[in-house]
Structures are given as structure tokens and as C-alpha cells.
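Residue numbers (this note's numbering), protein chains in the order written: chain A, 1 to 295; chain V, 1001 to 1334.
Hints in this document: simulated from the structure, not taken from any laboratory. The reader is advised that the hints may include incorrect statements.
[What the hints assert, rightly or not] Label pairs and their in silico Cβ distance ranges:
no. : chain 1 : residue 1 : chain 2 : residue 2 : range
1   : A       : Gly125    : V       : Phe1036   : 55 to 65 Å
2   : A       : Thr130    : V       : Val1230   : 32 to 42 Å
3   : A       : Glu3      : V       : Ala1042   : 50 to 60 Å
[To be verified] Where chain V lies over chain A, by a calculated footprint (3+ residues, C-beta under 8 Å):
no. : stretch
4   : 49–58
5   : 63–75
6   : 78–86
7   : 98–104
Please read all numbers here as calculations on a predicted model, not as lab measurements. Quick reminder that beta carbons are idealized off the backbone N, C-alpha and C, glycines included.
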Amino acid sequence: MTETAIEAAALGKGFGRRRKQALDDCSFRLLTGSVCAVVGPNGAGKSTLLSLAAGLLRPTDGTITVLGAAPAAVRERLAYVAQDKPLHPQLTVADTLRYGRELNPGRWDDQVAERIVAEGELEAGARIRTLSGGQRTRVALALALGKRPELLLLDEPMADLDPLARHQLMATLMADAAEHGTTVVMSSHVVAELDGACDHLLLLGAGRVRLSGPLDDLLAAHRLVTGRADASLDPHTVVESRTTGRQTTALVRPEGPLGPSWQATAPTLEELVLAHLRAPEAPALRLDDVREAAV
Amino acid sequence: MTAVTTLDTPAAVTSSRGPRGLLWAMLRLHRWALWFWLLLVAVGAGALLWAYGPGADAAWAEYHKAGCGSTTPPDLGCDLIGPAYTRYDTFVGVGAGILGLAPFLTAAWAGGALIGRELESGTAQLAWTQSVSPARWLAAKLAVPAALLTTGMLLLTLLHRLLWSTDGPLRAAMGSRSWYQGTTFEANGTLATSYALLGLAVGVLAALLQRRALPALGLAVVVLALLTTVLGTVRPYLWPLETLTNKHEYPAYIGMVVDEGALTSTGARVADPICVDNTKCLAEHDIVGFYRDYHPSSHFWPLQLVETGIVLAVAALTVLVAFRLLNRRTGAAV
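Bound conformation, chain A alone (with noise of 0.2 Å):
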């Protein structure tokens, strides 16, 4: 549990003659067997970051290790599935899963892929091309798990589908991740699609980092609080406050104990996210070096 899944250093990357930044100075660290979520607005570089993972893309300034190398040096030992879940269109469902184990020898395993294919209720000589969104992605799915990867890299992965399909192939990556160790990073703008299934939060805004670490300690790290309007909250680190009336609500990372004025409560994923993405200019937060000191 000690190893590292992804780390990243002063990670940048641009694109384009004017090099417009989609990832700027990114550094975190992510430990094997997590399931991490990279959650963020549209355009806040979570797929720049996948795709780095991934060895598609070079990074134009500092670095990402993979497993311990570089993303290209260890291409067999990761799966990564594109937003738009690209497959050959003129294929079967079951040639693209012939495509798998032609391209993955030694790794492939036809058992874990063709279950989730049957799971679908697929079938085998289905051309990709005549397959709904939901379809393509439980292939996308089946070919990136067929692979047995240490590592899955998933974008956007659950956007086509409908909350049963969503729930019931969640359940299947959740168990299967479960099963073999595998790390798990999922990126999603909606993040009630990610609750219940992550340990880990990976917070990206304006191509930066946000906030990076253990969810539980993540959420632990903040209060959302409630009290009036003109109580101070110093000394604590204010996220995002508003203020209705005589009353002020604030989302906080304290930095010792909340006065008697204050009413606490601990917030929710979602709220701990939506205060950060209304608030752009909060700092950033990093606790993914912490639990590795803890260990």
C-alpha cells in the first residue's frame, strides 16, 4: 500500500503555438490500490491529466511517474479509457476483444472481459458501430479491464450511461478493482457519480491543483459553518463564506478549535467541492504527503 500509483511535479502541459495551459504546476501524489477521483469544471485539465498518465501526450514542463516509471515505459501495466470511448466502428464486439488479446499478450484475460461484455447482454457479432453510448461503454470498459491493469485511468467514463447501467457497472469496476488491488482514477464534473466509490480526492481548477488527498482526511481537514454575521473566524483558513442577513455560512479549515459562536458541521463531498469550485482563489490544499510520512 506504500507505493506510489502517480506522482506528478511541477506537472504543466500546453497546447498550441500560444502554449495555452491546460495543466499548470501540478504536483500530487496518489498510492497504489486507491480509487481516486479527479473531480473539476469543464476545461479544468482533467483530461490533459489523464492522457499525461496515460503516456498520450509529453509534458511540457515537469514530470509524471507512473508505477514507479515513465507512463511509456509501462504501457502494459495500464488501461485508460477515453471520454468519448474511441472504438473501431467496423468491428464485432467480439473482434474488438480479439483486439485486446492480440494486442495485450501475455496480460489479456478473456473471462473478466467477456463478463462484462455478457453483463450488457451483448452480442458477440453486434458491429461497435450499431451499439448505443451505453453499449460502447461497457465494451470500452471490457477491453480496458480484459487487460488486467494495475492501473485503470477512466475519463468522464460513466457520462453515457443510465443510472442502472451506471450503478451496475460501477459495481462490477468497484468489485474487480477491489479484487485485484487495482488503482482506480476516475474523472467526473458530476461528483454524485463518484461518492461512496472513492478514497481519495483529486480537486483540479484552472488547470491547477486544488485539493489532493485521502478523502476521509480531506473532509475531516474542513467544517462548514454557521453563525453570525459578525462573528470573526480568525484564525482559521476561510474557503468560501456567504452571508444572508445576520447570518454567515462558511465552509473553513480550522486551524484549532471553532469558537462557542460557531455551529459545526461536517460537510459532504459535494459541498466540500462546490465550495472550492465557487471559490477559485481559496488556497490549495495538499494531504497526499502526509499519510506517506504516516506510514
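Fit chain V to the supplied structure of chain A, relying on the hints for placement.
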């Protein structure tokens, strides 16, 4: 199956089965292109073989039926082209045309379907996140079509040469097609094949630059057209010319004539003042003879091989740039 593979070390399995896997993927993904190419080669080969056998026989029969071929030189009017010869000529044209067209079809396909579409739809990235590096992926994308193109093109070239070597008298009788004319020149040697390989390389690089199927297709065809035009223009200068001179009139027109004109008494080459037989005019311009710079048919192979070398060098350079571009973009350690 799973039990067997786990007994081997993954590395050993990778090295022994990897190429087979990629080869399978190539043939499966581009199945229609493969069938189309086989069909094209079959049509070309069929046309050339028909022209070689029944086509030529029918043309000869027509020629003899017109009462020609018994006298030398042949009677006036014997080079009148009849329906059988037209048919023969059309079939030769189909064979040679396929050889001439194949490089452009290849460039369009390589830019559009082979690479461009995959980069556009993300299926290239799908391959790169299997256990296949981008460099190996590109190598397979180049090697498999290159092998099939070379085989098909060489087969058609050999058939065209077979035809060319036997239908000399028929061509002489009808006065059509010369060895140095564009399509014929390319179809009779190594050039058609090397241009097809250049088309493949140009298409691949265009697709990597454009990353979208349609623009890549267009760029590939335009660039290949430019390259073939430039090389076609410099073709006569790729081997030293021979010169014929003659007094009073032009020397015989034999082979690929590159330059011609008049000669003065000092041996200088000047533009022909077009005096025809006017001796006063000739004396006025100090014209004592005429010259022609040309390539005799013995220059076929030197010209052919020098140009082939240039085309293959450009293709190799293009491939090298493509690999470097892909590596720089994906940061792939091979």
C-alpha cells in the same frame, strides 16, 4: 489458454506474439482496403494479360486483314487505328493507369483512413494504451501496407514489362507510346513502386500533421502531386545527355529529346532562326548545323534508378520525420 500463457514469462510471450497481434489488427481493421487493393491488382493484371494475349493477337489480325505487314516499309495508311488496336490500347492503358494512379490512391488512403481517421476518432490512442507503443503502431501501419503495395506494384510492373518486350513491332507499326513517356516510363521500371511507397509515407506524415482524416487526405494528395511534378520536370537531367549534330538539317528524332537548336560556325548553340532551306538566311545567321540533346533508350535504367533512389530517399526522410513527430508528441520511450 489463460493457464498456458501464465506459465510463460510475460516478456517472452510479448516478443513472440506481439508482431502477430499487430499484423492481425492491421489486416482486420483495414480489411476493405486490402480487398480493394487485391481487386485493383487483379483488374490491372487481367487487363495487361488480356492485352498481352488475345488483345495483341486481335490487333495483329486486324492489321494483316487490312493488307498491311507484307511490305517494308509498311504502306501508307497502315498506322490507321482500328477497333481491335483501340481495344488493345485501352487495356494497356488500364494496366499502366493503375500503376500511375496507385501512388495517389495510396497517399489519399494513408492520410485519410490509415492514420488520419484513427487520430481523429481516438482509436490511435486506443492502440497506444494497449501494450503497443506509438512507434510500433506506426511501424506496423507502414510495414504491412508497404509490403502489400510493393508486391502488387512489382507484379503489375513485371506484367507491363512482359507486354512491352513483346509488343514492340505492334507499337512500331502503329506509332504509339514511347519508352520515355510519363506513365510508360514509370510502369516499366522501379519508379511506379517507389512512388507508391512515397505516397504511403507522404500520407502518413500528412495525417500526423493534420490529425484529421479529410484535411490529411487533401494535403497528402496535393503534396504527392507537387513532388511528382517536380521530379517529372527534373527527370531528363538526372543522367548526362547525349548530343546528335547534323549539317543542313536536324538529326533524327530518336529517344527522349530534351533540347534542340542551331549551331553557328564557332560551335555556339543558338535558337533556330527558322530559315528552313533559305541559304542566305542561314549564312546571315551563321548557321552551319543543328543539334539535339537526348536520352537514347539505353539510358532507361540509369534514369530509372537515379530517380528511384531520389524518390525512396524522400520517402525514407518523410518516414523519419513522421516517427520523430510521433515520438515528440507522445513522449514515448520506444
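Right, here's what the structure says about each hint:
1. Checking the proposed 55 to 65 Å range against glycine 125(A) and phenylalanine 1036(V) shows it is violated: the Cβ atoms sit about 24 Å from each other.
2. For the pair threonine 130(A) and valine 1230(V), the supplied restraint of 32 to 42 Å is violated, since their beta-carbon distance comes to about 46 Å.
3. Taken as a hint, the range 50 to 60 Å holds for the pair glutamate 3(A) and alanine 1042(V), whose Cβ atoms sit roughly 57 Å apart.
4. Coverage of a stretch by a chain is defined here by at least three residues with a beta carbon nearer than 8 Å to that chain's beta carbons; for the stretch 49–58 of chain A and chain V the count is 6, and the condition holds.
5. Three residues within the 8 Å Cβ limit are the bar, and the stretch 63–75 of chain A against chain V gives 5, so the coverage statement holds.
6. With 6 residues carrying a beta carbon less than 8 Å from a beta carbon of chain V, the stretch 78–86 of chain A meets the three-residue requirement, and the given coverage holds.
7. A count of 7 residues in the stretch 98–104 of chain A with a Cβ less than 8 Å from any Cβ of chain V is obtained; the coverage claim is therefore met, three being the minimum.
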